[in-house]
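Asker: For this one, chain C is given, so just place chains E and L on it according to the hints.
Below, each chain spelled out in residue letters.
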Amino acid sequence: MMHQKSVLRVVSKLLIPPILLFALYVQFHGDFGPGGGFQAGVIFAAAFILYGLIFGIATARRVIPAVATRTMLAFGLLLYAGTGVWSLLLGGEFLDYSILASTPKAGQHLGILLVEFGVGMTVAGAMTTIFYTFAAQTLGGDEPPEEEV
Amino acid sequence: MAATAVSMLWLRDLFAVVMLSGIYSLFAAVLYVVMDAVDVAFTEAAVGAGISTVLMLGTLALTKSKEKAHKKVAYGPLVLVLVTGAILIYGTLDMPRYGDVNAPVHSHVAPRYIEKSGDEVGPPNIVTSVLASYRGYDTLGETAVVFTAAIGVLAIIGRRRKNKKDEPPTAKAKGESAS
Amino acid sequence: MFEIHAGLFNYWVAIALMMVGFYIVIAQGNLVKKIVGINIFQVAVFVFYISMGKVDGGSAPILDESIKVYSNPLPHVLILTAIVVGVATTALALALVVRINRSYGTIEEREIITINHKADHDEDTRS
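Chains as they are written, first to last, in our numbering: chain C, 4 to 152; chain E, 29 to 207; chain L, 40 to 166.
Hints listed in this document are in silico derivations from the structure and should not be mistaken for laboratory results.
Backbone N, C-alpha and C define an ideal beta-carbon position, used for all residues, glycine too.
Take these hints with a grain of salt, some might be off.
As the list claims (entries may be wrong) - Partial list, computed: chain C residues near chain E (C-beta under 10 angstroms):
#1 ILE52
#2 LEU56
#3 ARG73
#4 ILE133
Just chain C, with the same shape it has in the complex:
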């Protein structure tokens, strides 16, 4: 797909690593500046979508298979709810992070980090999954049958 568009290929190759890095920065720096799980997930997904648009869906699926995105989708939500259950098991209330570490502040920090990471994974997984699903429709015949997992 688009083998002749060398400018696009080179530029996107240059751009994708900074985009992924920026997504991680937004994810983990969200406590201090604007940012957080939702934005990071979207930016992360945008990097893969750009890759898929330029190099073709088949290549993108080899880089990050559909199974992986679906796992991310489910695992993120599990991580979020799991953080809540963890605080529950430690004797606190559901999603009350103060109990997670020795001091309430450290606990809050850890809890927020985990929860934001869960949100980021779910959003990235959801957006990539949706994009793959739409793109598989466009390609039609020459796509291997959806893996029935």
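Answerer: Only chains E and L this time, still in chain C's reference frame:
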């Protein structure tokens, strides 16, 4: 911004409409920055102008990129819309003015978030601490909605092969009536 | 008159955008355009919320020693999540459009209704 919205109304080329909706989102993001909502602007720019434009273009590739000709102005809906708008504007006359410090919005939990979140939760970004800590249940629910939406997309159009065999009844009926 | 109500201008902008979106949703027959209309409506609601959170002289709600007045962070949180949920539901709606297009071969509301009527009619005559 209003101009992009109105031109989306008139354009029949859906491709241009989708592009304009991306531009509309960017304008909205600029507006959010002006109104101090940096986090929201960030999200709107990434989501509205990025992801949803790509998804809509994907849909257009699968369907048709031209809208069929339609009546220029539909008077019934127009009257309905104008009446609704007039009622809403009448409703705003009692609303607190823009930027009013004493507006009811700022008097309930918001001051507490601003004053205490630094000590109680920690992160300097209040939006993050409200999002993840004070309103953790909310965010959990919203993450679940995103999850469910992705599952829904997979369920509706994820499995192409199987649908080939059992065409829906309407399409079959249409084929029969044509023959 | 405008002087008195200058502080309400933000609501009026939101309402105007909202009504444009509303008109597209109810008056246009194309399903993709309807979804764009819903998006316009949605963004109008977001603008409405964010404009309510603004405080005169306030700054973005990121704590710093030198800042005394912050804008209200609560609407920001609500809208932040609403945007992402909005795009997820938009994707769901678009998936439905794709599916409708596959079944009916069209995304025009009127043609879909015609096809449905025809199918009903055929069933009636057969039975």
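Asker: Close enough to count: is the Cβ of LEU56 of chain C nearer than 10 angstroms to one in chain E?
Answerer: holds, 7 angstroms
Asker: Does ILE52 of chain C pass the interface hint, meaning its C-beta sits closer than 10 angstroms to a C-beta of chain E?
Answerer: holds, 6 angstroms
Asker: For the hint on ILE133 of chain C, just tell me whether its beta-carbon gets within less than 10 angstroms of chain E.
Answerer: holds, 5 angstroms
Asker: Can we keep the ARG73 of chain C interface hint, with Cβ of chain E closer than 10 angstroms?
Answerer: Given a least distance of 8 angstroms, the restraint on ARG73 of chain C holds.
Checked against the numbered hints listed earlier, the structure breaks none of them; every hint is satisfied.
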